[in-house]
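Undergrad: One letter stands for each residue in the lines below.
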Amino acid sequence: MNRLRAAGLHVTSAALAVLFLLPLLWTLYSSLSGREAGGSGTDNYRRLADYGSGLGTYLVNTTVVALVAVTVTVLATTLGGYAMARLAFPGRTLLFLVTLAILMVPYTTILVPLYILLGWLGLQNSLLGLGLVMAVLQLPFGLFMMRNSFEALPVELEEAALIDGCSIGGALRRVLLRGVLPGVVTVALFSFLAAWNEFVAPLIFLTDGEKFTLPVALFNLQSGSLGSVDFGALQAGVVVSALPCVAVFLVLQRYYVRGFTSGALKG
Amino acid sequence: MVSLVSPRVSAPEAPAPAPRRRGSIARGRRRLGIAYAAPMAVLVAVFFVIPLGLMLWMSVSHWPLVGASYPNGVKNYDALSDPLFLRAVWFTLKYTLVTTVVLSLVAFGLALLVQHDRRGTGFARTVFFLPSAVGLASTSLLFYGLFNTDSSALNHLVDFLGFGRADWLGSGGSALGSTVGMITWRFAGFSMLILMTGLQGIDPALYEAARIDGANRWQILWRVTLPQLRPTLALAMVLSLTGSLLAFDQFFILTGGRHDTATVVIDIYREAFLSQDLGRAAAVSVATLAVLIVLNVAQLRLIRREGK
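Which chain is which? The protein sequence lines are Y and R, in order. Residue 224 in UniProt numbering sits at position 224 of the first sequence; the count goes up by one each step and never skips. Residue 210 in UniProt numbering sits at position 210 of the second sequence; the count goes up by one each step and never skips.
Since the hints were derived computationally from the structure, they do not count as laboratory data. Ideal Cβ placement from N, Cα and C applies to all residues, glycine included. Careful: at least some of the hints might be erroneous.
What the hints assert, rightly or not - The following label-pair restraints were derived from C-beta to C-beta distances:
1) Ala215(R) with Ser228(Y): 56 to 64 Å
2) Val11(Y) with Phe163(R): 21 to 29 Å
3) Ile220(R) with Thr12(Y): 16 to 24 Å
4) Ala205(R) with Leu103(Y): 34 to 42 Å
5) Gly162(R) with Ser228(Y): 25 to 33 Å
6) Arg254(Y) with Leu226(R): 24 to 32 Å
7) Leu67(Y) with Ile220(R): 33 to 41 Å
In isolation and in its complexed conformation, chain R is listed as follows (with noise of 0.2 Å):
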C-alpha cells in the first residue's frame, strides 16, 4: 500500500509517471471506492429501486393483501377518478396552500424579529426551534389532547375569552385550521432558520445604499429585503410545499382520517390496508409520485433562475 504514494513522493511535478505504474494505482483506488461504496449501493438498491420497480408492476396488477396476483392491466388506475380519492386531493390543495401560506408569513417575521444578534434573541431561537425537535406523531398527540380535554391550556384560554368551548377537530374546516395552527407551531423555527441563513446572506451595501437613498424600513423591507430574499423564501416555500402534500400523521392521529379530512397518503393507507387492495393503492402512489417529480422539477427550476 505505500506504494500509492511514491509517484506523488516521487515525482510531484510530472503528471505522467511511468503508466503500468500508475494504472495499477489507479485500479487500487477503483476497487476501493466499489468497496467503499458498496453497503450504500446495496441498500439503494433493495431498498429504493427495487421497490420503485416494484410499484410500477404492482400498480398493473391485481395484487390483494392475502392471495395470489396476476397483471390486470390500467384497471386500477381507476382508483384515481374515485369520488373519495378525488376530495381527498381536493382537500390536500386546500391544506397545502393555506399551511405554506401561513407557516412562510409566520417564519418570515419570526426570521426578521430575530436575526440580529442582540441581547436575548439566542434564546428565543432555541425556543422557536425546539419544537422542530419533537416528532410529528408526538406533536399530533400532544395537540389531541389540547384539543379534546375541557382542560386543556388552550380551552381554557378560549373560555376566558368568552368563546366557550370550541369544537376543534369537529368539522374538515374547523380541523384544518386547528391543524396548520399545530403545523405552524412544530415547523415555523425550521422555516426560521432557512429564512436567517437568506437574511445573512444579503450584501450589507444594498442596506446602506437605500438608507443613503432615503429609504425608509417599510420601502427597504419591500425593494430590498423581498427582492433579494426571494430564492431562499421559495426554497422554504417548496418544503413545506411538498411536505404538505403528503401530509399523513397529522390528520390520522388528530381525526382518525375521516373522510372529511382524509390526505392523498391516507387514501393510499385505506386503499392498502383497508380494502386490502395494493394494486389500487401502488396505482394511487403513482399517480401522486408522477405529479411530485413534475412539481419538483418545475420548482427546482424556478429556484435556479431567481437565484441568479
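Next up, chain Y with everything else stripped away, as it sits in the complex (with noise of 0.2 Å):
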C-alpha cells in the first residue's frame, strides 16, 4: 500500500515536471527549427541578432543597467548593513524604516515622478540612471540580509581583528566579509534578476533605441513591426534573454533558496 503511494506520488511529480518544462523546452526546439523548409536551425538568431541596433548593443546596455545595480547595491548595503548592526548612529531606526517602507510603496506608483526627476539630474535616457533605479529596488532586501548576516557573525570575531591592529574598515575587509559572503552572492543575485529582467521602468526611462535593454528592444520586435510578427526571432530572443537567468540559478540555486526563506518568512 505504502509503496503504491510513493509510486503515484513519484509518477504525479514526475508528470508536473514535464509540464513546467514543456513551454522551456517548447520556446528552445522553436527557436532552433528554421521558418521555411530548408531553413538551417541558426535562422531566427541570424535574424534576431541583426535586428534594431544589433543584439550586441542589447545585450551590452543590459550588462550595463545590471552591473551598476549590482555594484551599488551590494556596496550600499554591505556599508549600511554593517553600520545597522554594528555601529550606533544617529538615525539608524529612522533609516532602517524608511528603507524598508520601498517595500510597502510599490515603484510603478513612483514611475512617474522618478521620471521627472531623472530628467533634472540628466540621468534620463541614461543606462546608469536606470541602473541606480534599479539598485534602489533591491535596497530593503539588501539592507535585511546583510544586516542578518553580520548579526549572525560573533562579536569576537570582529574583537580578535581590532586586537591585532585592523582599523574597524579593516576588519569589515579583511575578516568579516569572508564571513558574510554567502549574503553578499545573494544580494548580488537577486539584483542581478531583478536588474536583467525588469520591463517597466527601461521602457519608460529609455527613449533612445540604441539604449535599450533586451527586454524593451524584444518587446518592441514583438510589438513594433509592420505585419506579421517574426515568431522564429522572438523566440530566440526568449532564450537569449532567459538563459543566463536559468544557467545563474542552476548554479546558485541554494542562495536562491536561502534569499527567499530568510526574506519571506520573517513578515
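The two chains are supplied separately, each in an independent frame; assemble them into the complex guided by the hints.
TA: Here is the structure:
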C-alpha cells in the first residue's frame, strides 16, 4: 500500500515536472527550427542578431544596467548593513524604516515622478540612471540580508581583528567579508536577476533605441514590426534573455532559496 | 584606531571606564556609522523620498509631459471617476482574486507533493522553481508565442484533444484565463517554497498525536496541517495579492494593454505617456498607493495575529 502510494507520488511529480519544463523546451525547440523548409537551425538567431541596433548592443546595455545595479546594491547594503548591525549612529532606526518602506510603496506608483527627477539630474535616457533606480529597488532586501548576516557573525571575530591592529574598515574588509559572503552573493544574485529582467522602468526611462535593454528591444520586436510577427526571432530572443538567468539560477540555487526563505518568513 | 579596543581589553568587567575616553570611542564609531550608511541614505533620499514627495505635488498640479506646470488643486483626481479607470480597477480586482486562489491551490498541492525528501523530489523542486528565474517580460513573450502561433505546443495539444484552435487572448475573459495559467507557471514554485518552509516548521508531535487519535490523512490535512500553516499561507497570498494588483508586464505584452485587459498600472502608464498628462497619472498613483498601504497594514495585522 505504502509502496503504491510512493509510486503514485513519483508519477505525479514526474508528470508535473514535464508540464513545467514544456514551455521552456518548446521555446528552445522552436527557436532552433527554421521558418521555411530548408532553413538552418540558426536562422532565427541570425535574424535576431541583425534586429534593430543589433543584439550585441542590447546585450551590452542590459549588462551595463545589471552591473551598475549589482555593484551599487552590494556596496551600499554591505556598508549600510554593517553600520546597522554594529555601529550606533543617529538616525539609524529612521533610515532602516524608510528603507523598508520601499517595500510598501510599489515602485510602479512612483515611476512618473522618478521620470521627472531623472530628467532634472540629467540621467534621463541613461543606463546609469536606470541602474541606480534598479539598485534602489533592491535596497530593502539587501539591507535586511546584510544586517542579518553581520548580526549572525560572532562579535569576537571583529574584536580579535581589532586587537590584532585592524581598523574597523580593515576588519570589515579582511575578516568579516568572508563571513558574510553568502549574504553578498544572495544580494548580488537577486539584484542581477531583477535588473536583467526589468521591463517597465527601461520602457519608460529609455527613449533612444540605441540604449534599449533586451526586454524592451524584444517587446519592440514583438509589437513594433509591421505585418506579421517574426515568432522565430522572438523565440530566439526569449532563449537569449532567459539563458543567463536559468544558468545563474542552476549554479547558485541554494543562495536563491536562502534569499526567499530568509526574506519572506520574517514578515 | 587601536584605542578603540582598549576599554574592552583592559576592563571587560567594568561597563563604565573613563567617561571621556568612552565618549570619544563612541563618537568615532558614530561617525563611522554615518559614513558607512551615507551611500544608502543618499540613494534612498534621492530615488525614493524625493520622488514620493514629488508625486504628491504633481498630483495637485497641471503637469504636461512637455511644457510648464502649475498648481491646479484636486482637479487631477477627476481621473478616478474616469470610466476607463473604473474598468481597469474592476479588471485588476477580478484578475487578482482569480490568480491568488489558483496560485495558492497549485502551490499548496506542489508543496505537499515534494515536502518530504525522497528520491527525485530534489529534482522536482528545482524544476517547479525554475520558471521563477525567467523574467516576467520574457515569460510573457514566451507565452505570447505559445498562445499565438498555430504551431505552438499548446495549440497542437488542444488540436490533438479535438478542441480545434483556441483563441487564447481574443476576449477579456479568455486573456484573463490564459494569463492566470501563465502566472501560475511562473510563480507556483516561488509560493511552493514559502509554503514548504511553513510545512517544515510544523511540530511532528502534532502529527503523531493526531495519528494516535486515529485521524486519517484527510482529517490530518484539515485539522492539523491547514490550521498550522495559516500564517504561511496568508503570507504567500499577500505576496500574490500585492503582485497581481500591480500587474503590468503580462497584459501589456500579451494583449498590448487593450481596454478590456487594462490594469490599474497600465492606466497610469496611459495617462502619463499616451495622454501625456503626468498630473493625472500622479493622482491615480497616489490613490493606488493609499489603497495598497491600507491593505498592507491590514494584512500585516492579520498575519501577526494568526501567527500567535
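Undergrad: Indicate, hint by hint, whether the structure satisfies it.
TA: Do the hints match the structure? See the list:
1. Ala215(R) with Ser228(Y): 56 to 64 Å: Holds: the Cβ-Cβ distance is about 60 Å, inside 56 to 64 Å.
2. Val11(Y) with Phe163(R): 21 to 29 Å: The hint (21 to 29 Å, Cβ to Cβ) holds, given that Val11(Y) and Phe163(R) are roughly 25 Å apart.
3. Ile220(R) with Thr12(Y): 16 to 24 Å: Roughly 19 Å apart at Cβ, these two residues keep to the hinted range, so it holds.
4. Ala205(R) with Leu103(Y): 34 to 42 Å: 35 Å, holds
5. Gly162(R) with Ser228(Y): 25 to 33 Å: Given range 25 to 33 Å: holds, Cβ gap about 28 Å.
6. Arg254(Y) with Leu226(R): 24 to 32 Å: Holds, since Arg254(Y) and Leu226(R) (Cβ atoms, about 29 Å apart) stay within the stated range.
7. Leu67(Y) with Ile220(R): 33 to 41 Å: Roughly 50 Å apart at Cβ, these two residues miss the hinted range, so it is violated.
Going through the hint list in order, the structure does not satisfy hint 7, though it satisfies all others.
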